[in-house]
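Using the supplied hints, reconstruct the complex from the two chains, each of which is provided in its own coordinate frame.
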Amino acid sequence: MTDKSVSLPEERKGGSFIKNNLRNYGMLLSLLAIMLFFQVVTDGTLLQPLNLTNLVLQNSYIVIMALGMLLVIVTGHIDLSVGSVAGFIGAVAAVLMVRYHIDFPLAVVACLIVGAAIGAAQGYWVAFFGIPSFIVTLAGMLVFKGLALAVLQGQSVGPFPPTFQKLSSGFIAEVFPDIGTLHPTSLLIGTTLALALVYTSAKGRAREQSHGIEVEPYALFLAKSVALAGVVLYFTYLIASYRGFPNVLVIMAALIALYGFVTRRTVIGRQIYAVGGNAKAAKLSGIKTERLTFFTFVNMGVLAALAGLVFAARLNTATPKAGTGFELDVIAACFIGGASAYGGVGRVGGAVVGAMIMGVMNNGMSIMGVGIDYQQVIKGLVLLGAVCFDVYNQRR
Amino acid sequence: MLEMRGVSKSFAGVRALRDVNFTVNAGEIHALVGENGAGKSTLMKVLSGVYPAGSYEGTIVFDDEERRFRDINNSEALGIIIIHQELALIPLMSIAENIFLSHPPSRLGVIDRETVYRRTGELLAQVGLRESPDTLITDLGVGKQQLVEIAKALSKKVRLLILDEPTASLNEADSAALLDRLVTFREQGIASILISHKLNEVAKVADRITVLRDGRTVDTIDCRTEKVEEDRIIRSMVDRDLAHRFPERQAKIGDPVLVVEDWSVHHPLHPERQVIKNVDFQVRAGEVVGIAGLMGAGRTEFAMSLFGRAWGYNIAGRTKLDGREVHLSSVPAAIDAGLAYVTEDRKQFGLILADDIRKNITLASLDQVASHGVIDDIGELKAASDYRNRMRIRSQDVYQEAGQLSGGNQQKVVLSKWLMTGPKVLILDEPTRGIDVGAKYEIYTIINELAEAGKGVVVISSEMAELLGICDRICVMNDGAFVGEFAGKDATQEKIMRAIMRNERIARSVGQARRVGELQS
Numbered sequence: 001m002t003d004k005s006v007s008l009p010e011e012r013k014g015g016s017f018i019k020n021n022l023r024n025y026g027m028l029l030s031l032l033a034i035m036l037f038f039q040v041v042t043d044g045t046l047l048q049p050l051n052l053t054n055l056v057l058q059n060s061y062i063v064i065m066a067l068g069m070l071l072v073i074v075t076g077h078i079d080l081s082v083g084s085v086a087g088f089i090g091a092v093a094a095v096l097m098v099r100y101h102i103d104f105p106l107a108v109v110a111c112l113i114v115g116a117a118i119g120a121a122q123g124y125w126v127a128f129f130g131i132p133s134f135i136v137t138l139a140g141m142l143v144f145k146g147l148a149l150a151v152l153q154g155q156s157v158g159p160f161p162p163t164f165q166k167l168s169s170g171f172i173a174e175v176f177p178d179i180g181t182l183h184p185t186s187l188l189i190g191t192t193l194a195l196a197l198v199y200t201s202a203k204g205r206a207r208e209q210s211h212g213i214e215v216e217p218y219a220l221f222l223a224k225s226v227a228l229a230g231v232v233l234y235f236t237y238l239i240a241s242y243r244g245f246p247n248v249l250v251i252m253a254a255l256i257a258l259y260g261f262v263t264r265r266t267v268i269g270r271q272i273y274a275v276g277g278n279a280k281a282a283k284l285s286g287i288k289t290e291r292l293t294f295f296t297f298v299n300m301g302v303l304a305a306l307a308g309l310v311f312a313a314r315l316n317t318a319t320p321k322a323g324t325g326f327e328l329d330v331i332a333a334c335f336i337g338g339a340s341a342y343g344g345v346g347r348v349g350g351a352v353v354g355a356m357i358m359g360v361m362n363n364g365m366s367i368m369g370v371g372i373d374y375q376q377v378i379k380g381l382v383l384l385g386a387v388c389f390d391v392y393n394q395r396r
Numbered sequence: 001m002l003e004m005r006g007v008s009k010s011f012a013g014v015r016a017l018r019d020v021n022f023t024v025n026a027g028e029i030h031a032l033v034g035e036n037g038a039g040k041s042t043l044m045k046v047l048s049g050v051y052p053a054g055s056y057e058g059t060i061v062f063d064d065e066e067r068r069f070r071d072i073n074n075s076e077a078l079g080i081i082i083i084h085q086e087l088a089l090i091p092l093m094s095i096a097e098n099i100f101l102s103h104p105p106s107r108l109g110v111i112d113r114e115t116v117y118r119r120t121g122e123l124l125a126q127v128g129l130r131e132s133p134d135t136l137i138t139d140l141g142v143g144k145q146q147l148v149e150i151a152k153a154l155s156k157k158v159r160l161l162i163l164d165e166p167t168a169s170l171n172e173a174d175s176a177a178l179l180d181r182l183v184t185f186r187e188q189g190i191a192s193i194l195i196s197h198k199l200n201e202v203a204k205v206a207d208r209i210t211v212l213r214d215g216r217t218v219d220t221i222d223c224r225t226e227k228v229e230e231d232r233i234i235r236s237m238v239d240r241d242l243a244h245r246f247p248e249r250q251a252k253i254g255d256p257v258l259v260v261e262d263w264s265v266h267h268p269l270h271p272e273r274q275v276i277k278n279v280d281f282q283v284r285a286g287e288v289v290g291i292a293g294l295m296g297a298g299r300t301e302f303a304m305s306l307f308g309r310a311w312g313y314n315i316a317g318r319t320k321l322d323g324r325e326v327h328l329s330s331v332p333a334a335i336d337a338g339l340a341y342v343t344e345d346r347k348q349f350g351l352i353l354a355d356d357i358r359k360n361i362t363l364a365s366l367d368q369v370a371s372h373g374v375i376d377d378i379g380e381l382k383a384a385s386d387y388r389n390r391m392r393i394r395s396q397d398v399y400q401e402a403g404q405l406s407g408g409n410q411q412k413v414v415l416s417k418w419l420m421t422g423p424k425v426l427i428l429d430e431p432t433r434g435i436d437v438g439a440k441y442e443i444y445t446i447i448n449e450l451a452e453a454g455k456g457v458v459v460i461s462s463e464m465a466e467l468l469g470i471c472d473r474i475c476v477m478n479d480g481a482f483v484g485e486f487a488g489k490d491a492t493q494e495k496i497m498r499a500i501m502r503n504e505r506i507a508r509s510v511g512q513a514r515r516v517g518e519l520q521s
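These protein sequence lines are chains A and B, in that order.
If you count the first sequence from 1, position 383 lands on 383 in our numbering, and the numbers rise without skipping.
If you count the second sequence from 1, position 451 lands on 451 in our numbering, and the numbers rise without skipping.
Only pairs whose alpha carbons sit at most 27 Å apart, straight line, appear in this in silico DSS-like list of lysine-lysine:
no., chain 1, residue 1, chain 2, residue 2
1, B, Lys347, B, Lys198
2, B, Lys424, A, Lys280
3, A, Lys321, A, Lys166
4, B, Lys198, B, Lys45
5, A, Lys145, A, Lys379
6, B, Lys252, B, Lys424
7, A, Lys321, A, Lys145
8, B, Lys227, B, Lys204
9, B, Lys227, B, Lys198
10, A, Lys283, B, Lys347
11, B, Lys489, B, Lys198
12, B, Lys495, B, Lys204
13, A, Lys379, A, Lys321
14, B, Lys320, B, Lys277
15, B, Lys320, A, Lys288
16, B, Lys489, B, Lys252
17, B, Lys347, B, Lys424
18, A, Lys280, B, Lys347
19, B, Lys204, B, Lys45
20, A, Lys203, A, Lys224
21, A, Lys288, B, Lys347
22, B, Lys320, B, Lys424
23, B, Lys424, A, Lys283
24, A, Lys283, B, Lys320
25, A, Lys283, B, Lys277
26, A, Lys288, B, Lys424
27, B, Lys252, B, Lys495
Rather than coming from a laboratory, the hints here were simulated on the basis of the structure.
So that you can see chain B by itself, here it is in the shape it has in the complex (with noise of 0.2 Å):
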């Protein structure tokens, strides 16, 4: 159905596609993967016109014919619809505007909104979507707003769907019905590109699988006819042997250095109803404790509750550092007792991206390189260049903007800036959200690092395999309580989704079921 052949792009000089070949037939999920940077986003933005036709080499084939895109709308009319990884979707309008936001149906210029209804009800059945067309996007999790999606791509006859990094901030259930939904496509004739970096669910729905590394095609896989290797992948991605995804440690554990008794967190928006029930939790110097569970179980929510109460309202319960009871009534508080927060979403919350690496870096520990509220420019620049050698950040210099820097050193920088606190527990979230292969590994290898040292360390994450792989511990959170606890040599990915269902089933029965959407308010 779609060939790209010989495609090369430059930007300034720098070549981000190098004769790229890349094919689709009709009827098939062909999986795209490679490092950040690899080229994916950019060969998609060709494919879709983006890029228009003669600012890049080579020629797109689609239906036996050559095309010549000159913008994105040139590649909608074929069929060819491209969703990318931040949503375009309206927040305070309906669903079914959203879906029908640039052609409704409409005659002589008045919107048709019994047919844009029906039209919406229709699509959404198609995919499995339960929500009325009314519904605003805002009062939806990132997981239906991808269906919306979906359903929006739908609504313009896809015949190739693309999907940058679709399940990047879905939790396992959310995903696996995304991706259910693609094989259901597939059978009715529909081809998608699935750009992932989670090999799991590449190796599980795609047909055929192309490795892009620096800009180049370096391995196609065959899904149908080979077995799928995850290491071969990665291999072929990284270009190095990555036999063992997870750095080796050797736990010291010591005492106990945060200890959370009788937690109770109520909603800032609705008092009435309790996030966090009543939790204890603790972590010991030198533990890497996980906290796993679905999205909206309240592991976000219960962490930025401990950290100076950044979250929620009515927070009750006691909190000791070192054996002694401390007061975290605001995050200044917080980070003077040594704990520190690394956020899921590091452009929103973490990084002042306009600001270069030594803002960032010194960003909660200004007093340290300044005197009597003078900063002394030197002793900063040398303290946040010490930080960007040891977290082997890789830049210019540190006056490089935050916002230039690729995933994972945007994440050093972030944890840069903790450590420079001094904490004696660390708690984060996330840490490898939208991070590549290589670069994980380097953040794995600065947990145990920062393990080794004696900290606590709390790692919240939705990728089961990552907190198999570090902790030592994981918790598992489900509806604001803990529900199980295994220690890390024990857990399977079974047991913990074990846990889970079991207690969502109890809930259910309860009559308690409810899906937390909102995260921070």
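Chain A on its own, in the form it takes in the complex (with noise of 0.2 Å):
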């Protein structure tokens, strides 16, 4: 129990940390690398507070169905259902708004309570009947399709109320008279977040040195630390300089912070992947890897059912054609951000970068115009370029 038993050989330290890392460092560096591009031959139009704000709010169902969906692969499972899932709840939401006018907090407690029944439907009979997810959410994605289809009557329903808009399209509450522009909330809040970012990494750093644990070197360190606290920064600064934080971005931040501690730090998380990884010693080591699944796929029924608020609130009318394609760009998030198809292997981190280059790519080729159907083309080839990069890192 000593330190030194927990200490490295010296030729592992350095540079081998970098190579060591190098799949999260390269996930960043290609985002980082694509908005650069984008940014470029946009003439800028990328980065503009406007257009960042809105690659937020279109982007913001993606990244919350990417949270739940990166479970869902990590234990060796697939949801085809969440855009069809999205999509009726949207319309649930519509018709419990629109025509019963019921409030929109409990219509939306509502709304999350069928997404939870709804994973538990899909769930049950994956985790405890073993029938291939695959099949079970091929055939979920029909019936809710069909379903939100008959819950419009095959109409678009809407507007919302006023109330329940302000989840996609509000802003966060303004407490100090603007500076020029500039909303100080929101600048406020986006340096506290970098100053406590680099504040725990630091102190997390220096717990692991006490412990004689192996660190990544502290230049590396410290240009990591600056460069994440500049991005921060820099980022609110945009969006401040437009109408401050959106409301859902709220909402998106805190979901990666809850879903980040839990994969990474809890009995629950690690649970998980090791239903992913090996399912039968899992099971075997005591761990209850059926209610895991099925507690995966109700997640993911909870969040799919969010991101179909969400979406319903943006678009202010739910139409039976929300949320198809939607399980698509999920499914692709989480495998551009490094999770493995055969279950066990996946992170938070990787997947919301994952959605993002997603969503900066469909955003910076729209805005250079490229047709819709090149657009598909271009993703395609790089949910490929990037998985086979993986097998190809693992092979090494």
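Set out below in structure tokens:
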């Protein structure tokens, strides 16, 4: 139990640390490279405050669903129904709020509960009956697409009450007077966040170091922290110079932080990865594998419902077509982000970056005027390329 | 017939083979032995062309001609056929389809089913397997599957058959049958290279034995002119004197920790079949109890049904731990009660190969290193490092992937995982399968330490020498019941085999003879 026991041979330190973490840095670097590329070819349109805000709004529901999908994929399953479920929940929300005039908080809670029930209904067959998730959720995809059509009776329903619209189109309340075009509350929150991030990572590093654990070299840590803080601050500045943080960004950030923590640091997170890594070994180690699989589907259902609400609020109407094809973007985001199709491998950060890569490409190509046809082609090739890169890395 | 001269091969700077010389004469059985990582498999991959000419140094001469194999097809064309440890059969295809998978006799691309069927029948007769060519592979036991692989090799006009650990997962009877085949082939002029950890069988059939250590040939023994001594082989394999293959221990046996009464288990897929037949069993504190038996005797089924009903259907009986009746209704309940089960197949059921050592060790006892469901990463690291040191797991650090470790170190990781749960009774199922001699000794030492710490240890093993070497008491299981029990010092291989055979005869005369092939479902 001495500190010596956990220290490492000298030659593994330094440069090899970067090599061992190539995948994680590589992901971020490719996102930055893609952003830079579009920033240049769109003559700076990409990072204009208005466009950046739109980028967040446009991709929020994909990111939210990617968090749940990541857990599903990590357990070795897939959920093809999320797009239909999101559309269906949007329809239910519209009917509750527009037709029956039910209060917005009550309707939201009801929708999330319906989402959980949908996830439970699908997860039940997958987890306890061992029916392949591909089949169960393919069925779910058809069922909920059809139900959305039935609930809406084939028509678009809207508009939503203004309070509900605020979920997607609202911005956090401003408590201070504006400084020119800047929103001080958002600036304050962004700055605090940047400082908090640097502080916690420095504290974590010091704590690990005091126990003799290998930490990244100081120069690298410093560079990373400065870059991270810089990116957060710059992003904050851009957003604050439009209308401040959108409400949905706050929801998204909170969820990312929560799921990041759950996957990395909690018992349940560790157990989910164990189920995906080797379900039989996990089961014989006393892990309730069926229950965990069931849970990941329930969780997916809730997040799909939330995404459906966000999307409906953004469009301000529920249409029978809503949610079509979302599942593909969500699944692609997870795989671009380094999740393994065999289960057991994948990170929340990766899925988020994967979703942002897809989002930036969509947005950038649209600004450039690339047609929807070639956009699809390019996105497909990027997905294939990212997964090939992963496989190549593992063979090395 | 075959001569490999000065073969060297490196992987990313690590020398796997150094100047190895290896010859095989026509019609001989040549055994290749060595610890895991000694270079046996690498040498055979060079020979079979898996590593193509140019990726190694040295020459291969076969039939007096230098050969430069580009891939495995080149070597197969000359009749050099390798059968890997992991069998390459397709489970849901028939024996005939598997044997003629790559080159089925056909006319205009349409498979000639009659010829396939007839030739399969001939080949099966040659290897002594009495099964219909239409039988699916999945319906055969491992021993028979091994014979199908050999029949497949015969279909390719084999001249040099390479078998990588063919008996690792076979029981003694099946192993003996397989080795008999090799002897028959020798008479027909087919040479074999036999890679094996089981020195007794090597000594029985081999004409010559070559020992590899650290990628070098260290010894070649001609069994026809010299007497083969296992100790000599072991010494050259490990380069250290293992006069005693089993560590000494003074048994201090206390009260019964685990008592099982009237235990009965049915097959989950065939509920009418009783796999474990109302058996009684007990382990005392500080005692090492062995369970001997043939494959399919029900040993693993018994152990797994005890371990929180992880296997079986309609399980009945009573279990007492430390004199108190307990209901081990689920795996978590069994772990909480103080039971641990180390599976016979550590890769499939024991480890998460893609995860690191640390995560594997703490997997069954995360609650110990977490509070309110949040893992204390430093506490976890310390616990894992502690076990890594105590169990002498050889790795760079606890962050190394379990899949990269050798068999012995993997087994130590699994043992660490179970020790961390603080068990009172450990059931070890084939704890040294596929592990080299040096690591086996270490596992035995760990077993002794566990017994000395007052734990009850149950060892299930198909290697009788091992049970005789480490157990205080040996129970013999056959056909789902205990048919004999011996004190460790009184037991001999003959006595154990006799107990099994007597029971087999009785069972057969009653008309109950059934070979239970399937293990875990």
